[in-house]
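Protein chains in written order, with the working numbering: chain A, 144 to 495; chain B, 144 to 495; chain C, 144 to 495.
Worth flagging that the hints you see were computed from the coordinates, not collected in a lab. Among the clues, some could well be false.
[Unchecked claim] 30 Å max Cα-Cα, derived DSS-like pairs, lysine-lysine: (1) Lys478/C <-> Lys146/A; (2) Lys380/B <-> Lys478/C; (3) Lys146/B <-> Lys380/B; (4) Lys385/B <-> Lys380/A; (5) Lys380/C <-> Lys385/A.
[What the hints assert, rightly or not] These stretches of chain A come out as covered by chain C in the derived footprint (C-beta under 8 Å, 3 or more residues): (6) 146-154; (7) 167-181; (8) 247-254; (9) 373-385.
Note that CB positions come from ideal geometry on N, CA and C, so glycine has one too.
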Amino acid sequence: MSKTNPGNFFEDFQVGQVIRHATPRTVTEGDRAVYGSLYPTRFAVPSSAAFAASVGLTGPDGSGHPVEDLIAFHIAFGKTVPDVSLNAVANLGYAECRFHRPVVPGDTLSTTSEVIGLKQNSNGRSGVVYVRSTATNQRGEVALDWARWVMVHKRDTSDAGAPAPETVLPELAPAVAAADLVVPAGLDFSSYDFEAAGEPHRFDDYVVGERIDHVDGVTLTESEHQQATRLWQNTAKVHFNKEARPDGRNLVYGGHIISMARALSFNGLANAQLIAAINAGAHTAPAFAGDTVYAWSEVLDRAEVDAPGVGALRLRLVATKGRDESMTLRGEDGKYAPGVLLDLDYWALVPR
Amino acid sequence: MSKTNPGNFFEDFQVGQVIRHATPRTVTEGDRAVYGSLYPTRFAVPSSAAFAASVGLTGPDGSGHPVEDLIAFHIAFGKTVPDVSLNAVANLGYAECRFHRPVVPGDTLSTTSEVIGLKQNSNGRSGVVYVRSTATNQRGEVALDWARWVMVHKRDTSDAGAPAPETVLPELAPAVAAADLVVPAGLDFSSYDFEAAGEPHRFDDYVVGERIDHVDGVTLTESEHQQATRLWQNTAKVHFNKEARPDGRNLVYGGHIISMARALSFNGLANAQLIAAINAGAHTAPAFAGDTVYAWSEVLDRAEVDAPGVGALRLRLVATKGRDESMTLRGEDGKYAPGVLLDLDYWALVPR
Amino acid sequence: MSKTNPGNFFEDFQVGQVIRHATPRTVTEGDRAVYGSLYPTRFAVPSSAAFAASVGLTGPDGSGHPVEDLIAFHIAFGKTVPDVSLNAVANLGYAECRFHRPVVPGDTLSTTSEVIGLKQNSNGRSGVVYVRSTATNQRGEVALDWARWVMVHKRDTSDAGAPAPETVLPELAPAVAAADLVVPAGLDFSSYDFEAAGEPHRFDDYVVGERIDHVDGVTLTESEHQQATRLWQNTAKVHFNKEARPDGRNLVYGGHIISMARALSFNGLANAQLIAAINAGAHTAPAFAGDTVYAWSEVLDRAEVDAPGVGALRLRLVATKGRDESMTLRGEDGKYAPGVLLDLDYWALVPR
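Put together the whole structure using the sequences plus the hints.
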């Protein structure tokens, strides 16, 4: 019997099945530094232990300094790849992703997934698998959880006519309700230092419908996207092996675009310090080394939250290949505009 | 109103103005490792906590192990970019840079600048801004300070005929006087381990006027210079965005050349353990990925300092594109010789 | 006198000579992160402090979390390059490499070598130097030791007819005997968590002669192999300087291929958690950026060891350029098959 892992195929999933993913991973200060070498991030909380302490997020000695929320997201997500999406045709979406507590160096993250939905495609050759995944730290506390659905190949496509499993479609919220957002224990923005953070804009300065062109662009390089993806122990071969794709190009991990766009969004959203939830995410086009990535944001909603000086903005973060000063999400045909790479809907915590 | 930062233009600066730069940054062991992956550095103090302890620079448990002085320099300097040089035409020079105390993992650096000089150019379209910048740690202690001058665009070039601000030129020393060098508290080279450090050459082995060809070369890659520059949160777009320059090439951050040359200088200056001051620096030509960088040094001066076993060498560090075994700084016309990328004048602390 | 290090030539070595190599190096969590960004490693012990604690390798607070064995190997080995192999024509082999104790962040490694053999080549222009090297930590405890032989140029080839030094050939074991393997103090695999580690295969599931195709491939990039090599302070110029080779290409450090193949071997050998010894290693062909590296393994031997739940597998790890599903080591002519880059013989500790 082969000892290598072929990954799961559509037939291998049953609703209610629980998969405990391998490779627990300890987060370190090294991750913060490598992340900072790969993305132009400048958010004050993960950049500065002193700033984090000033908003209640570390001990007085600077210990317990949170890393970027997306470091936790990518690590937790990467754990699921070998079991859920090694044979994926496409990542179709995320929903209901909530960050329950900051992740700090020394935390060890493990991820477990439950299959919550299945739908075989009419061609009988693949199907959509819905999972709800939960990442916990070494104390068993939930760090983040999320739902995700992917289209997965069937192992055996010769039985395309065989009966499909019963279709089960989970109910997923179009967005995390503001009342369900988790604010980190101790967070207090009432003495927030806007000068240190880099911009004066606060909760009340943002209006629903406002769009912000983040101006800056970054040209992707081959090494950088691979280093990022490896750091999360994401093993999908299309990112690393030029022989794995007919076009001989390495596909950039979608999470690399998320992190790049989030970092670029600093310019205009410097005070969107923490990601509280990801409501939805679509990777609308592939990206490759040589592409120059820009970002723009739209304010979708605003909400008050129960923590001193803290408000929540629901934001659409759009990454584009080439700058689009018109900030057009969709064309008249309703399809994503050319150049759009990512459409991410999330909640950020900002000072009021 | 746009929420993004357009940077300051020449008209935005006034003599006496104090700018508190954003994004305090905590230094970590991760920075040391990434630095070591990007530069061929082998200086024993930042490489080894045990060696650092043997010269009085860490506690007995190895805690407080200093990072490379240039890590502190690049971080502190990077803070000033969004406010001072986002609209710079050129970095014209540095002076009077002193390192006041070693920076260790856990330190959070913040930078403040005061405008100390202004001179509008005769074309009325740009001007030179002189600032003195000070980086402090989380306890408010000065880590390093320096003066710098940059040529900055005017926002509005239609009023080229409008009166210029009064010209103020600061007095800047051509070099930090030996008596003004700060020796780190506790530094003691009297039991210095030359074998562990890699070379036998001590203070008295170097003579003024001596030149050292550091022999080794490194071919620059696209990813590496960008990772370095990002690590310092330096946001100047010419380094990252191939669409930002007419030639479609990313300009290498001048500090990348400084760090590369400093690391290459190990071969012949292995005992130049600490940088005490930077007297002057000129980036004399642009560098790009694919260029192969070499370095040579000239001993400019020698001085005794008040610490056991410690001497100071004033050195000129020259980086070149392609090796120049003749070590020629300037041609007969007085201009920098072709291939010279960097002319850096600094004080190093060495064992006597 | 030149102050730069020309390295040692064949004439500079005498049997019995002891060389204390320069540049002690403190291992940090940053090294773990950079390593994880460069290699697709997922072994649970170095990935997770919690997992390491569960097998007896860290304190209850997660302190003392071992790094990858190969991090220690590369650092310890890199120290010897400036003295032993700066003028090497070729790295001929390794033998008798044993890992005596896990290396953890905070450890400072230093390396010493003794010349144990010499043999001048019949052409009088070069010779083979055999050294036994020992890396110790800051407490003087042995971390690892190994023998190595390299072919080194003579400085002066005009005296090719001069008498050669007496030939001394050391006795080196073809493999470390199972009884000589060192098991880390405290290692206990009796409660090993196979699900967290990623595969169910244990000691008794592997049979001598079995071959495992590790399936995955990674296309090498220019930056990544250089970053890795620099991280180990390996200064051999052929890796970094495109002007140093007639073909204008940077040669990939052989250790980069070892680490890449080891990481790829996770898929089928996820439970080969620790490297106890390296019996032999041959770099059989050069590798360059753009090559896609795959790996396969062969089980060479099995042994019981004196630790709870622990067994030892002797494995041949073969890296190839391009995938070879036939897993052919040598052609009918007895020579390495085309595409073979590395033939590494080692002992791994696995759960029983």
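Results of checking the hints against the structure:
1. A threshold of 30 Å between alpha carbons decides the hint, and for Lys478/C with Lys146/A the separation of about 28 Å falls inside it, so the pair holds.
2. In summary, the hint linking Lys380/B to Lys478/C is not supported, as the alpha carbons are separated by about 52 Å, beyond the 30 Å threshold.
3. Taking the CA atoms of Lys146/B and Lys380/B, the gap is about 18 Å. The hint holds against a cut of 30 Å.
4. Pair hint Lys385/B plus Lys380/A holds up; C-alpha atoms about 28 Å apart against a cutoff of 30 Å.
5. With a C-alpha separation of about 28 Å, the suggested pair Lys380/C and Lys385/A falls inside the 30 Å cut-off, and the hint holds.
6. Coverage of a stretch by a chain is defined here by at least three residues with a beta carbon nearer than 8 Å to that chain's beta carbons; for the region 146-154 of chain A and chain C the count is 3, and the condition holds.
7. Under a criterion of three residues with beta carbons nearer than 8 Å to beta carbons of chain C, the stated coverage of the region 167-181 of chain A is upheld, 9 such residues being counted.
8. Counting residues of the region 247-254 of chain A whose C-beta lies closer than 8 Å to any C-beta of chain C gives 4; at least three are required, and the coverage claim holds.
9. Counting residues of the region 373-385 of chain A whose C-beta lies closer than 8 Å to any C-beta of chain C gives 8; at least three are required, and the coverage claim holds.
Checked against the numbered hints given earlier, the structure breaks only hint 2 and satisfies all the rest.
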